[in-house]
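Let the sequences and hints guide you as you build the complete structure.
Residue numbers (this note's numbering), protein chains in the order written: chain P, 1 to 167; chain S, 168 to 860; chain H, 861 to 1190.
Since the hints were made in silico from the structure, they are not lab data.
Warning: the hint list may mix true and false statements.
What the hints assert, rightly or not - Covered stretches of chain H, going by a simulated chain P footprint (3 or more residues, C-beta under 8 Å): (1) 861-870; (2) 1073-1083.
To be verified - Here are the in silico distance ranges between beta carbons for each label pair: (3) Thr986/H <-> Thr333/S: 25 to 33 Å; (4) Arg1137/H <-> Thr584/S: 36 to 44 Å; (5) Gln1062/H <-> Pro580/S: 52 to 60 Å.
Here the structure is a predicted model, which means the values were calculated and not measured.
The beta carbon of each residue, even a glycine, is placed where N, CA and C say it ideally should be.
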Amino acid sequence: MDSEITLRVDGRRETLSVDTRTTLLDALRERLGVTSPKKGCDHGQCGACTVLLDGRRATSCLTFAVANDDSEVVTAEGLAEEDEPHPVQRALLDNDGFQCGYCTPGQVCSAVGMLDEAKSGWPSYVTEDLDESVELDEDEIRERMSGNLCRCGAYANIVTAIREAAE
Amino acid sequence: MTGATRATSQGPERVEGRAKVTGTAPYAFEYPVTDPLYLHPLRAGIARGRIASIDTAAAERVDGVHTVLTHHNADALNPVGDPELAVLQSDGIDFRGQLVGAVVAETPEIAAHAAGLVDIRYERLPHDSEFRDDANIVYTPDADASPMLSPDLERGDVDTALAEATHTVDVTYTTPPEHHNPIEPHAVIATWDDDGLTLHDSNQGSHLVRDLLAPLVGLDKERISVIAPHVGGAFGSKGMPHGHVALTVLAARRTAGRPVKCALSRTQMFELVGYRPPTRQRVRLGADSDGRLTATEHDSLEQTSRFKQYAEQSASASREMYASPNRRVTNRLAALDVPAPTWMRAPGEASGMYALESAVDELAVRSGIDPIDLRLRNEPEVAPVSGLPFSSRNLVACLRQGAERFGWHERDPRPGTRREGDWFVGTGVAAASFPSLLFPGSLATIRHESDGKYRVEIGAADIGTGARTALTQLAAEGLEVPFEAVELRLGSTEQPNAGLAGGSAGTASWGSTVVDAVRAFRAEHGSDPGEGVETTAGAAGNPDLGKYAMNAYGAQFAEVRVHADTGEVRVPRMLGVFAAGRIVNPRTAHSQFLGGMTMGISMALHEHSVVDERFGHVVNHDLAGYHIASNADVGSIEVSWVDEHDPHVNPVGAKGIGEVGIVGTAAAVGNAAHHATGVRVRELPLTPDKFLR
Amino acid sequence: MKPFDYQRATDADSAIATVSRDPEARYIGGGTNLVDHMKLGITEPGKLVDITRLPYDSVESLPDGRVRIGATVRNSDLAAEPVIRQRYPVLAQALLSGASGQLRNLATTGGNLLQRTRCSYFQDVTTPCNKREPGSGCSALEGWNRHHAVLGASERCVATHPSDMAVALAALDADVLVAGPDGQRTVPVTELHRLPGDEPEQDTVLRHGELVTAVELPSLPFAVRSRYRKVRDRASYAFALVSVAAAVEVTDGDITDARIAFGGLAHKPWRATAAERALHGAPATEEAFRAAADAELAEAETLRDNEFKVPMTRNTLASVLRELTQQEGS
Ligand SMILES: Cc1cc2nc3c(=O)[nH]c(=O)nc-3n(C[C@H](O)[C@H](O)[C@H](O)COP(=O)(O)OP(=O)(O)OC[C@H]3O[C@@H](n4cnc5c(N)ncnc54)[C@H](O)[C@@H]3O)c2cc1C
Ligand code: SF4
Ligand code: FES
Ligand code: FES
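So, in structure tokens, the structure goes:
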């Protein structure tokens, strides 16, 4: 069954008719040709499909496109300016925080969303004192970024990069 | 705790870095193609037998279904010696999850839905999927089954030496099946039109894919092009084309030129693209009172599949590692009704060195000799079995420098004595080695463009190793032009033939090719070449091949914490020191070592494909069930290397770095866990239940 | 996945009417469990009613000291809510231990409670499973059952409930507010999920069409000292092998009140009443903690791969209680 929806994707307004079964991820990749968010597992288990959905990081493979009518989607592609990558992207480049690059756009969106969450004072499972404001040390970054698997094993460099970008 | 050392000050940034961090670098499934169809594979629901009937009518009735392929209507393929590629050629079933058909439809949703409507009935035969030491399934592989080495080796008199040794160790280690799980699933887009066959494919070597497919489908090589400039991880699983490529090609033959897209699901990747076989390894060591090895025995049993042999040789890790006058190595296979295993990052060494280096640690504990000291005492002068000199061997330097950096000498050797809060703390060490291979036969084209740039073309693959960047560097260096003046193209059969990205041989093999091609270009066209001139050349053979034993080495150090109540295991700190010849790009090399060590931590703590013998499948066949290390599992990792100049190994002087980083990691972690707790776990992975008290 | 109709609910009554009327209709919250199951072919709804725009997206402190959590409040927002962090740290920690940041941003309170087991055989439609296909058999009973139940299981099903949040809610004695075609009712969270018995296909006591509208927490002042501890095979982004939610009140070195629940052990979040009774009035000592665990685990029945859960639970409970009572002392 098809349904007409409107999305804002990386600042562009897109109106499209989708099968209700189409996930947000597949709508982006297969319908709109926006392939910056990646499909690694299609079941919420890897984080490669992470985008910023109405400003918050979200796995786009476990939500139907129809459920996101009128939403704003920002991908790693949309985070970069014409000539200048986003500070998180710049830091990943500086620290070689990726290898094959397939998990990377998801890491980027996740990091950007995560930094925002930390700025709003959100705790994590490793936050010692839930009443205190959050200090984003390495253990905090590791825990908060654990929803993005990287099989190439770039974690250590990703953490260094995010620390740099957070400064 | 601090993060990895920043080794990124040196070496250029990845050429494709911008495209990767923004997600605009296209991977196989992402090529914009016109009017594609989507393929959803059908998989066998039994482990052995045949298809009695397959009813596709309901699927065919679904709006938007283009074709349902089965063994009844699939075109014949020519035999090419790889049973994995012979898809839909009969009704026979050799393993659960085998490809038995495909639905091709207008959208992925329709294809998936219709695939669920195909009714397959089977005639079952009894199957055997239980890995064990049982004469009914165990055999010795032919020497020619493993092109590198014969499976067995015997020198001296091991039994007498063991009987007479002052210290002995006789231990059995097991490692489970492990799946590569690159984050990019295996994917291909096949277009078969008047121009021939075009594949956008995720692989480790486009020429190899083409060369295997050409005879399979009966097309001239020239009519097939395979394109793979970006590959989202591979680790061996994309080395050989697997059944889904043949299946997609079969489908593309029937779509009148419309491209057919196929990406495997994560679960299908547990069935169709290989895995590291489980092993059961017995290691016996005998040493004199000074800790000098008098006997080394390593017997390994590993799994293969009945329908396609894969002969891994984990015991061969003990052939050349340490001096030992008496030595026995045996490798055996157990053949089962399971999917075929394949190479996975450091095949043989990862499992084999885990067992050997854990056993050496046990010998250290038993003899009261420091584990580093013990290794130093057994350092061979020349390669033990072949008697060849080493082209270079700096294991000692790795161990010594590592000990210094890691603070090894402050260590109290008694296990189970250090506790911080709720955590037992321990440290461990292990050695690593990996052969330096060179794949011959690659060619590179160097061309001087009208804009003054040099275009270098080689059909190599960059699976995340940084090959594109390192080869650009080597070309610029050879041409004596700035890095920016070289434009490197790789990843496709449009470029000259190049070998596989495997065996950590990429930079060495392709690099040697580029270096020699550059020389040939300069020889032909001089230092001021005209516009548009070009030279295609390959690497001259290495005259030192066969005259030296060539390996990369490393020393792995780990700090491990084990929770006193829950048994949870953490690795807050690791150090790897490597000796791998010339490091072409420190930035990307650092990442390769780091990645190997991280995968090693993952192997040590998490990875285990659990087989349910009743069905013959991997039960935990997704990324929630099959754990790979998450960010929180990896603490600080320091990577460094010793300066090593090796004039023999190849023209570049570079040894492989992609695999040695995983070797020894699991042993170092296990040894540290023993030091922390006094509990010796001989069965990977080191899950919390194994440390409960 | 078969084609389905999608509707975005604008008011609860018509949403309830729509779903109640149509046996093939289902509510959808964040979708992180339901979409997964639809892809796997575990369930095939003909109609989805999206409830995320219903006005259940806030956390309110009620005048009587209770706290009401709307059913569509996202897991991440709930964990960040000051009143939860201050008064019910066990709940914040349980939420934060679950899934990943990007999933918690989607997952809702109602959906989290009603998520289904992660039993590998349940999730694989090619293997027999009584929960998915009543009468087909339980593959886990004699298969891979590392993650399966040691308490309250049956021959028909040995699955565990995967939610962390629900374990904290069980310890806190929360209530679930439910609206159905026949009006509203309140179900204590400890009675929401069932034991498998002969009907493992029934996860909960809810009837088709009933909508979870909110969860209410009692005031429970001593919950300010509460903790959630999750033991798993990976440091993060993994389901619990065993988890413990606990809140204790200590007066003069003796335990005067305790709330304890276990995760990973049963078909439902396991409220450890026997352990609570054993602790009541006991001194805050290691022996007392272990005796309490043993009291609860006396009935445990282990399977091939999950024997470790008994000592692991005992140790984890002792560890959590030690920490909470030391915290109290200092
Ligand atoms: C990779 C992965 C890892 C995870 N790890 C964890 C973990 O460690 N711990 C943990 O606790 N959870 C974990 N989860 C599960 C996750 O927490 C749940 O998927 C999520 O909480 C479900 O919420 P939802 O809103 O997305 O539910 P949905 O998928 O929308 O719904 C789930 C079910 O509840 C029903 N439903 C939803 N809302 C209502 C309502 N208000 N009234 C009546 N019925 C309703 C739906 O019909 C459906 O049957 C994980 C999930 C994934 C994918
Ligand atoms: S444990 Fe329950 S859910 Fe798992 S296979 Fe058995 S019946 Fe199905
Ligand atoms: S593709 Fe969405 S989490 Fe893996
Ligand atoms: S860079 Fe390859 S998976 Fe992360």
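Evaluated hints:
no., hint, verdict
1, 861-870, "holds (count 6)"
2, 1073-1083, "violated (count 0)"
3, Thr986/H <-> Thr333/S: 25 to 33 Å, "56 Å, violated"
4, Arg1137/H <-> Thr584/S: 36 to 44 Å, "39 Å, holds"
5, Gln1062/H <-> Pro580/S: 52 to 60 Å, "57 Å, holds"
The structure fails to meet hints 2, 3 from the earlier list, while all remaining hints are met.
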